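Trainee: As a plain string of letters, each chain reads:
2 protein chains.
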Amino acid sequence: MKGYKMGNGQSRIQKKNKDFIMKAALDIFSKYGFRGSKLDQIAKQSGLSKPNLLYYFPSKEAIHRELLSGLLENWLDPLRSLNSEGDPFEEVMGYVRRKLYLSKTLPKESRLFANEILQGAPIIKDVLKGELKYLVDEKTKIIQKWSDEGLILPIHPYHLIFSIWSLTQHYADFDTQIRAVLTNEKPFENASVYLETLFSRLLKPS
Amino acid sequence: MKGYKMGNGQSRIQKKNKDFIMKAALDIFSKYGFRGSKLDQIAKQSGLSKPNLLYYFPSKEAIHRELLSGLLENWLDPLRSLNSEGDPFEEVMGYVRRKLYLSKTLPKESRLFANEILQGAPIIKDVLKGELKYLVDEKTKIIQKWSDEGLILPIHPYHLIFSIWSLTQHYADFDTQIRAVLTNEKPFENASVYLETLFSRLLKPS
DNA sequence: GTCTATAGTCTGATAGAC
DNA sequence: GTCTATCAGACTATAGAC
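First to last, the sequence lines map onto chains A and B. Mapping to my numbering: the first sequence position 65 is 98, numbers consecutive. Mapping to my numbering: the second sequence position 118 is 151, numbers consecutive.
Note that the list lumps identical chains together, so a pair holds whenever it fits in one copy or between two copies.
In silico EDC-like links for lysine to aspartate or glutamate, alpha-carbon gap of 20 angstroms or less:
hint	residue 1	residue 2
1	Lys141	Asp110
2	Lys219	Asp170
3	Lys64	Glu142
4	Lys71	Glu94
5	Lys64	Glu94
None of these hints come from the bench; they were simulated from the model. These figures come from a predicted structure and were not determined experimentally.
When you get a sec, could you build the whole thing from the sequences and use the hints?
Mentor: As structure tokens, then:
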């Protein structure tokens, strides 16, 4: 086994250590943002020494960029699969469910994204104005059509998308506040039921 | 006029400089969080020298704490005035309108709050678990009663509050993302109409 | 009250032994 | 590949002149 290389030219150990670093970096960057995060913390959290971090990555910024770019695909995919051929309400609700699932399973990634946006999106601004805007423009056309045809209630398609983003991501991003208020409940389980009701009343023709 | 003191023992100039500092600090802290913000930036932004900042405030942390505590009253008040004697839908909608107005007029304060929550609320956790939780517990009882009596549609009162928080604050906190997608629109004006529709369909008995 | 100068600490990154 | 040692710059905060 010794000397065995992975497909991308990295040994098992290299891959494992890179994973440790990425996991630790996600912990720290998602909490404190880029400038508030220190390599010392990430080193400690990952169990590696600070110079060793910089053996695997050229700089602090490189770690941060790699985290963000790994995140973006995950973030855009749920909207991509909204299908113009499907049942209108189920398609929108499917998007809601996928976004809520992301918030539940990847809350730190959600907070990393939130931190980036709060700072004015210095790194991903181009993606937002390009790929994201293009995707939203496409999908809102579909929603507008459904709305015009009476398959769902009349709705502002862009703000519908924004409300899906806000309602689902809130459970990850403001987790601390929600748990401070809800002491005896599992937030995500009731959120799931609540959002079904909300979007049903918002969109289903009666 | 020379030597005139304000009621709290501060001269006009002192008050004015403190204001400059607080305004600059809000700009910086709301973007980068506490640890990501540097006194140099705040000094430059406020037009004062760095040692002069520390003449008015004992430390960087003191500036941050004063910003947060000044914010909290603003943040809790809109919920406080939800009145059990009023018209149920109008009372909830009034809360939505007040929160959206805060997001529109104080977006930086909203992002300062978001940053504090993302970091696990190290400073205001006690307020969240105390004052905020108490307030939410009280108001959700009122909403539950309205719901039980059929004055509004059946609803999970806590998640209704969360959805009001998320939908209104999103327009301030994720402003960068929204403006990247919506290039030809004034977000807050359409948000106002959209949220009227959303909460009307969600709550009004038909 | 405001400044320059600087103390003392922290931070990202590098050098070099093993 | 990983470590110890350390550099150069940045950071919060203080001292002391004016």
